[in-house]
Structures are given as structure tokens and as C-alpha cells.
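Under numbering that gives the first Met the number 0, the first residue of the sequence shown is numbered 0, with each subsequent residue one higher.
These aren't lab readings, by the way, just hints derived from the structure by calculation.
Some clues are possibly wrong.
As the list claims (entries may be wrong) - So the derived label-pair ranges between C-beta atoms look like this:
no. : residue 1 : residue 2 : range
1   : Lys118    : Glu51     : 22 to 30 Å
2   : Asn6      : Thr60     : 19 to 27 Å
3   : Ala211    : Ile261    : 20 to 28 Å
4   : Met200    : Ser91     : 36 to 44 Å
5   : Asn194    : Met143    : 17 to 25 Å
Stated by the list, open to error - Lysine to aspartate or glutamate pairs mimicking DMTMM-like chemistry, simulated, CA-CA at most 20 Å apart:
no. : residue 1 : residue 2
6   : Lys105    : Glu307
7   : Lys196    : Asp246
8   : Lys282    : Asp246
9   : Lys171    : Asp246
10  : Lys185    : Glu51
Just so it is clear, CB atoms sit at the ideal spot from N, CA and C, and this is done for glycine as well.
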Amino acid sequence: MSKEIKNIELMIIGGGPAGLTSAIYASRAKLEMMLLENQILGGQVRNSYTIENYPGFKKITGPELADLMQQQAEELGATIDEFDSIETVDFSANEKVIETEEYIYKAKAVIVATGASPKKLPIPSENEFAGKGIHYCAVCDGAMYEGKVIAVVGGGNSALEEAIFLTKFASKVIMIRRHNYFNGEKANIDEVMNNPKIEVMFNEDIVDVKGAAFVEKAIIKNSKTNEEKEIEVDAVFGFVGTVPMTDMFKEYLNITSSGYIITNENMQTNVDGVYAAGDVREKQFRQITTAVADGTIAALSAEKYIVEQRREI
0 MSKEIKNIEL
10 MIIGGGPAGL
20 TSAIYASRAK
30 LEMMLLENQI
40 LGGQVRNSYT
50 IENYPGFKKI
60 TGPELADLMQ
70 QQAEELGATI
80 DEFDSIETVD
90 FSANEKVIET
100 EEYIYKAKAV
110 IVATGASPKK
120 LPIPSENEFA
130 GKGIHYCAVC
140 DGAMYEGKVI
150 AVVGGGNSAL
160 EEAIFLTKFA
170 SKVIMIRRHN
180 YFNGEKANID
190 EVMNNPKIEV
200 MFNEDIVDVK
210 GAAFVEKAII
220 KNSKTNEEKE
230 IEVDAVFGFV
240 GTVPMTDMFK
250 EYLNITSSGY
260 IITNENMQTN
270 VDGVYAAGDV
280 REKQFRQITT
290 AVADGTIAAL
300 SAEKYIVEQR
310 REI
């Protein structure tokens, strides 16, 4: 059977803070729009246990904030389709084509807000122990290790925040950090360094893990002396960066060697009518607030482009 073709003005790909913000602005502008998200709306925000740096909320959980964003977008009239995966995109013509499992969409403009996924630990046994002691989401999997010893690999805000969160379950959290410093916010660093349940191992890097059916030990290597040793842990949570979800766009969009989409300050890519917003975009800082700002600018830029397209008809 041939797929139904749907003609719309704006397609938003991705339902994290950037995509949902774009949907809010597009809905207020009364654009014929669709937001596609092949997973749960909210993106990585849903994996945050506590958020204390989003204006207007002294403290809010990630799922709560994501739900509020979704609710606001839908109440303004945003059309959202979850779990319909994109198969192909074609940005070669003036009309942008997005084919999903169910439909073929033809849009005047597109906002790419696909975000990024956690980067896997670069160790030989990652695949063998994935989900069996190696994890990348403390909120999702932390409760599995009540009273256990958990290692956290990383040195940025995500690693610091997740280590703090994991102390709710673990008897001990060991932070494995290849350098002798952290890159996160001072408040997070102070909380980690002063938490009696957290042990910080500076100048150590994870080499591999081993165990029978599940992780039992982590092999670490000192970055100064190259000395290797084993430490007993029940799980290893990796927070060593993210990988942008841009593979399907590489044929059409200018992308950095790291995989991030290049835009100007108006979120415009090298293709007319295609914009990028949020963690998928090449930029210095990746925060919820910067994703929301990107989504705002992308939607306003797309609206202006669509209005100009209408005038040409």
C-alpha cells in the first residue's frame, strides 16, 4: 500500500526542549505544523532527577518540566506524533520530504531538533555488559543497585549530578575521572566533594569491566603512572559526552567532524528552509535554557521563511 501524503508548512523533528519550544511558537503563529518524536517526549530532560537552574522553578524534576512543556504545546494546538520513526528525508528541493513508517510529509520548512544520545564507554566489554552493569541513565537504572557500589565515569555536570543522585541508592559511589579536575558547576563540584558516600578517584581512567553474567569489577588505569588495578563495583554509569543524532541529515546539511549541525545565529543551516536547534547544533554550551532559546529562534525564523513562501505563491 502507498503511504498517505500530508502537506504541512512546518515539520519539527525531535521532541526535547528545543523541539517543544519550537512547537509552542509555531502553534501560536497558527502554522500548519507537525512534531515527530520516535521516543518519549522531553528528550534527555526526562533523565534529570532534579533541575535547579531553569528560570521560574527553584527545583523541578526533569519529567515534570518535560510534561509541562508538552502540555503547553498541545494546549496551544501543536500536533504531535510519537513513536512514528523517520525512514528517510529529502532536503534537495524547495519542498522538504520526510518519510516515516506511516506517512510521507511534504513541508515548506523543517526544524531539526533531534538532540544527542549518551556516548558509550570506549571499553572492549561495553557491548557484553550493556544493561548488565553498564548504564547511561541514573534515573532509569539507579534503583536497580540499592545498597551496591556504583562507579560513575565522567567529569562534567551530567556526571556530577548523576553521582549525587545515585547516592540515594548506592552504599558508595566511586567517581572515576581521568583528569585532576572537574568541568562542572562549582555548586555541583562542592556537593560531590563533600558527600560522604562519594569517593573521587582523580587521574584514573576506565580500561574495561569484567564479571560473570554481570559487572563485578572495573579495571582502571592511572593517567600519570599507567598503573592498572581492579576495583570491585556492581555497576558502571558512563557520562562521557553525547553523540548528536544527525546521520540521516549528513547528505544535505553541513555538519562538523563531531557530527553537529552548523547554523548561523538564526538557526539557519546551509539549506534554505531547514533550521537546527538544541543539542544537535554546533555550539559551546548545551543546557535546557540554550535549547529553549534555539527552539524559539528556529521557530521565528521558520515562520518568517514560510510567510515569504506564501507570498511567492
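Output the indices of the hints that this structure fails to meet, ascending. 2, 3, 4, 7, 9
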